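Line by line, the protein sequences give chains A and B. So for the first sequence, our numbering puts the first residue at 1; every next one is plus one. So for the second sequence, our numbering puts the first residue at 301; every next one is plus one.
FYI, nobody ran anything at the bench for these hints, they're computed from the structure. Quick caveat: nothing in here was measured; it's all calculated off a predicted structure. There is no bait here: all hints are sound.
Under 10 Å between C-beta atoms, here's a sample of chain B residues computed to sit facing chain A: (1) A350; (2) G351; (3) E373; (4) Q374; (5) V380; (6) F381; (7) Y384; (8) L386; (9) M402; (10) E433.
From the three backbone atoms N, C-alpha and C, an ideal C-beta is built for every residue, glycine too.
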Amino acid sequence: MTLAIAPDQPGVQRPSSPLRRHAPFLLIAPALIFLFVFLVLPYFNIIVMSLRVPARVGMYAEGFTHANYARALTDGFYMGVLGQTLLVGLLTTVACVLFGVPIAYHLGRSRSRWSGVLYTLILSPLLVGVVVRTFGWLIILSGNGVANKTLREFGLIEAPLRLMNNEFGVVLALTHVLLPLMILPLLGNVQAINPNLERAARSLGAGRLTVFWRIGLPLCMPGIQAGGILVFILAISAFVTPAMLGGPQVRTMSVLIVQQLIDNFQWPFGAALALILATATSVSVLLYIRFTAPLLRGLR
Amino acid sequence: MTVLSIRSLVKRFQSVVAVDNASLQTREGELISLLGPSGCGKTTTLWTVAGFETPDSGTVHFDGVDVTNLLPEQRDVGMVFQNYALFPHMTVYANCLFGLEMRGVGRDVARQRITKVLDMVQLTGLETRYPRELSGGQQQRVALARALVIEPAVLLLDEPLANLDAVLRDEMRFFIRSLQQRVGITTLYVTHDQSEALLISDRIAVMFEGRIEQIGTPDEIYARPITQRVARFVGLSNLLAGKLRRQAGGFAIVESSAGPIRAIDNRAIADGAAATLLVRPEMISLGDGPESAEANRFTGTVEDSFFLGSVVDYRIRTVDGLLLQVHGRPVSRLAKGASVTVSFLASATWILAA
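Bound conformation, chain B alone (with noise of 0.2 Å):
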């Protein structure tokens, strides 16, 4: 298994930044997700990486050795795009053997492998279709079995499923995940979709506008953002302005426009700086909750309420002013106008940078 190491990789088309300073490092066999919006600079990186472009400073290794200056059929890649990439002139088997041939890999034994990796992307009994005679699904998992037979350092998926419809999609999301654990092979997983990259990631490097802002495991980014960009870019979330008061006995108070709010102390922001508050829908409760020195209360009406099938997602008006957004069980819905009580656990509250 390899390590991935990309070191302050920088690329400029004519006066844009793409990648600005990118660094990261993979351990042997992880996985490692780009995810960021359109335009971050994402799939440069990962291009970068297989070698279809050049950066302008910085430098790619595998395993410590720097292959930046090396073409991309030197590099030992496996690469699955968006659309696949599938040679239309070519049957299922025939695309798997194009990279066993480049590699002067024997007949017999390249048999051998193609029989295996389709079995492992269960598609045998397709060897000699033609991709268009595939739907999205089987071409998706032929570009995955054309990509892993050449048994290469690292794997590298752009966006493999952003083709596919929502239900295949959420179906292919747990088979790439078993399948890149099973094979155990460095990946890196280029997507703009934050619950894809939640689920397959064992890491997940978060980019805006070339830079990595942050990057971490799946619980890290999503319970401990280190921005506000990265907090409304994974999952949803309440931010509230306020400045934060650090205390003895481990939680920190942020004084808020609705007084002070108990949250877990991020030893990163000074004590009496801005400070901002992030606190999940899912974690605020209806009601009075359980009573603790660690709960944050607010008395309100509910303003709207939309129902999302397995959660109702509230806007709830506090007396103080505060819009919070709030899920809770489809079971007996509140109604718009009610009033209730909400609260949420300094635990389950974190505090970013202003």
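Extracted from the complex, chain A is given alone in its bound form (with noise of 0.2 Å):
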């Protein structure tokens, strides 16, 4: 068969001007500029900030140390507080992921035309601003606050339970707010898998308890990790939610970082202290890629 050659067919020479030869190149081009003058240049100013001896007056003095960094690493209690900021952030995960995996499985599987209304209300915690939703909670979580005051009308408890200016008032806030960012990529995920895979399971004998366990739970695994990547990052990096409910138990690396650089006006020490944290965050986020690779064995 002949046919006339089309000039767009692959395989064919044609001169190719500039513009066409570094086409991607300028698709990608105002990300990456974006990315660089609002990401890494600010990060490269954070390294080098962090690195300033800190002064009295003014924001540092002459001349560069690292004793910013040891001052930090070798002190209990920053490192107390990193290690209760992981803590916060791991509960805040395992939260989201128990209640996120049945909410997220219920929906996807649902054909009820209630299904809209419940999709909405997973949403409605990201309609409120931060500081008003964490408002809410003090008026729940305080001492005499709406939670109290119901349990001792009901006669279920006599003193005021302590649910906030704790980790348990954080990591229930922090829930809150970020559990629809567990269940959207596990909607689409629990959307892709085959209703024939469950069928088939079950005719090969398992119940539907079994089911779950062992065909539907390993096959949500790719979007529990990317949920779980999702919310372990912004629970580690919340500002608003800790310091406000959190009290003088609960510091995190977050709160701690804006009372250096506010409060004290100590620049080179706070951005010591970001840089920790962002790293402890990239080491974990890591460590959590790596362990969870092997659920996901064939699934990608």
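Mind assembling these two chains? They're in different frames, but the hints should get you there.
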């Protein structure tokens, strides 16, 4: 068969203009420039700042030092705060997985006309600004707040429970707002699971619960992994929620960093703390990906 | 071996009747195909046997035991799905092991049975592969192995070859048929492909609009369909309208617009009733044919012809105005417009209800 060769057929050599040759790069250039100006440059700035010599007057003194890092890494207080931050992130992630998986599984399989309503309800925490939402939690969780009053009126408790100014309050409020970020990636995941897999498992003799544990849950791992990373990072870097609900008991790195920068005007030390947090987060995420990889075999 | 019987099955989805009073009973080790166009209720029937659908009325029995109200996991069926439904996060071995684990089969016995079944489907050596690392044909055979390894009472296959390319599909038909006969398992096979059903089945149940229209051996379905749509759905057909005139001597006559045509007598049709003649294109020969009392003969011209490889598909217009589809051998092909005599025997001509 002979055909007139169309100019756009692959493999056909034709002179390419410089514009055409660089087209892929030109397409991603705006994003690259944006990231460079607003991410790479500021990070570079923070790195430089973290190596500056602290000063009593002004932002920093002459010269460079690694003393900021030495102070943060050797002082048990700061490492304790880092540990507590990672713990809050971990607990929030676990809570989001525990609540998110059943909801996503149900919603992904539901053909009810109410599923649209449930979907909106899941997104609702994101519709309220962080400060308003956190004030809401204050009203509910405080010593004579809604939760304690209700429990006392029903005679379930005598003295008010401590529901805030501790890890419980912070993890609760973070789980509330971050749950949608767990559910959304999972939902796409659940909907992509062929329902015949569950039927096949049942015809092979597995009951509903076994099907969930052996088939449904393992197939949700990509969504759990992706959602877990999102939730963990956002929980660790949250500021308003731990600042307002954590009280003096729960200090997270973000709260501490803002304190150093705004209250104490310790920019070099604050910058060092910020970089330590960023490093700890990256390492945690890398370890997480590493250790969840075996659960994704055959799925990607 | 198990006798599967389906009795007066009815299944509605809202106002649509998916299965309308379907009944059939297999013999031990028999393979019955449910054949029909999409939406005819064949898959719903299969799923009711598997337990994925609950019928509105009617029952399913395995060896006389009513299983209609049992959950899928309580029935003893092996199921193969159109898209195979292999567990993507498990290796070939783990896929096969799953059903055995659910039945509490010990590790050692399980290993022996999996080794045996993988050998049967010619997948030895691929135990540690994940489904996505296999070709379509291999995945198909893993699905068969997974269903067979539990040694179920009944094997259910839901369009198992529909996702394979044509060459592989042809191979797998023979493979599934010989495997089923070696294992000797009672099998229900859903397909919309009539040539697949003809090749693979002991008997075929042809379904239209939720009803089983005819059930019989492939020979019966092909040569003696009971309705026009069965005739049209299975194989190619020339259908001619007329009126039946019974006569002594075995054959009946159908008075058609092209004159009397001799055919096998169908006792189900009353003398003098309107009837339809069926003659398959390959049963008509070009030329005068043998001199015989049972020969029907027409003259006409070649109106069109199509080369199909193994045969040439002619459209021949008789002098009486009938258009006949005739399959001739591809040697010495007739030109368009050529005059030709065609003939077919009464014993190759069947009479249907009008």
